Structures are given as C-alpha cells and as structure tokens.
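As they're listed, the protein sequences go chains G and U.
Quick note on numbering: this note's numbering labels position 6 of the first sequence as 13, and the sequence is numbered without any gaps.
Quick note on numbering: this note's numbering labels position 92 of the second sequence as 121, and the sequence is numbered without any gaps.
One thing to keep in mind: the hints can contain errors.
[Stated by the list, open to error] Looking from chain U toward chain G, a few residues come up when the C-beta cut is under 7 Å (computed): (1) Gly71; (2) Leu74; (3) Tyr77; (4) Gly80; (5) Pro90; (6) Tyr93; (7) Leu140.
Because the hints were derived from the structure by calculation, they are not lab data.
Please read all numbers here as calculations on a predicted model, not as lab measurements.
Every residue, glycine too, gets a C-beta built ideally from N, C-alpha and C.
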Amino acid sequence: GENVEQHPSTLSVQEGDSAVIKCTYSDSASNYFPWYKQELGKRPQLIIDIRSNVGEKKDQRIAVTLNKTAKHFSLHITETQPEDSAVYFCAAYYNTDKLIFGTGTRLQVFP
Amino acid sequence: NAGVTQTPKFRILKIGQSMTLQCAQDMNHNYMYWYRQDPGMGLKLIYYSVGAGITDKGEVPNGYNVSRSTTEDFPLRLELAAPSQTSVYFCASRLGQGMGYGYTFGSGTRLTVV
C-alpha cells in the first residue's frame, strides 16, 4: 500500500551539531521525494527535493540522499541553528498524482 | 499572484452542523489537494483532483465531499461535523503531472468541532 515511514519522531541536538532524519517508502515506482519544514502554526514549506535519477542533492547546510534499491531517503542538516527548530516531513509521490507524507520529525536545536 | 487562498482561517462548529471550506488558486494549477493535520501528527490526504470535473479519494475521505467545477476552486464539504474532524485543513495545488512539480500550500483552516 501507499506508505512512508519516518524516523525519529523527535530529535534534539546541540547548536552546531548535525541532524539526520530518515524515511522509507513502499512503492518502487515513486520518483520524486520532497522535504517540507513546518514551523509552529504555519503551513509546510518545501526546503529541498530529490528525483529518482539523482543519488544526492545539497543546498548549503541541507542535503538529501536517496537509495532507490533500499527505498530509503534521508535529510541531513549540518551546523544546526536554533532557527532550524521545526517539524520536518518527508514525502513520496505515488502514481505521479499525489504526495504521501511521513509522520514528521520534531527537531529541537538547543543553543 | 495570491497563490493558494483558504477561507475561513478559523471555525468552531457544533456536532452535526455542516460547512464548506473554501480553497482557491490563481496559478492555473491543474492538481489540487485537501489534507488534514491532527495535533502533533502528519498530513493525511482527504481528496484530490487532477483537473476540473475530476476528483478522487485519498487516505481519509469518510465524512467529506468535494467538487471541482472550475480550475481555480476546490471546496471541501463537511456534512455532519463530528469531534473526530477537529483538525487543521490544508489545501494545496501543483501545476501538473510528473517529477519536480512541488506543492504550494494554503495557510490552513483550523476547525474545532464541539
């Protein structure tokens, strides 16, 4: 069935440390994997995405990796800052029509 | 462009009442979606539409109805509100099929059913 698993559900790190969030999808036909950041009371905002023909993508302190064989993809945030504190959602496209979201990871960055 | 506009922002309903959540986009996007987000939880797909006149069920469609008579509008109807429908509702849209078309989200409607 359509499913995206996300771990961990909560993550606390010290400012300057790295944070890694992992997701697994079930449909091998999925070909697009976006990551969203949602601050308290706000709408989800796209922060980075990766397509199935690419293994890694980086944008400043944020990177995403994709392992198609294992159906895993991960978000890496380096040199974390307090403003990185938010809930992060991974997602995968199914049937190219709709995004199925993971359950979210609450990241807290302590100064 | 206003993007994706949702109204109202907040609403309190009594059990058994009905209401329509409005969603409009001015980007000429073909695809539109309704998600609900329960407190501290992820986004669950309620209904979606790939174009005017076409709608399909998502993961949690029970208790809701939608219509898509125009490209711009995608209203969500709650017929008999129940406490389990207390949630934040997000509408989203994207241009078309295929890779790379990310979602644009509306600002959400916070609904409480008492």
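Status of each hint after checking the structure:
1. Taking 7 Å as the C-beta contact cut-off toward chain G, the hint placing U:Gly71 at the interface holds, the least distance being around 4 Å.
2. Hint on U:Leu74 holds. Least Cβ distance to chain G is approximately 6 Å, under the 7 Å limit.
3. For U:Tyr77, the suggested interface contact is upheld, since its CB lies about 5 Å from the closest CB of chain G, less than 7 Å.
4. Annotation: interface hint on U:Gly80 violated; nearest CB of chain G at approximately 11 Å, more than 7 Å.
5. Violation of the interface hint for U:Pro90 is found here, the shortest Cβ-Cβ separation to chain G being roughly 13 Å, above the 7 Å cut-off.
6. About 16 Å separates the beta-carbon of U:Tyr93 from the nearest beta-carbon of chain G, more than 7 Å, and the hint is not met.
7. Among the interface hints, the one on U:Leu140 is violated; its C-beta lies about 15 Å from the nearest C-beta in chain G, farther than the 7 Å criterion.
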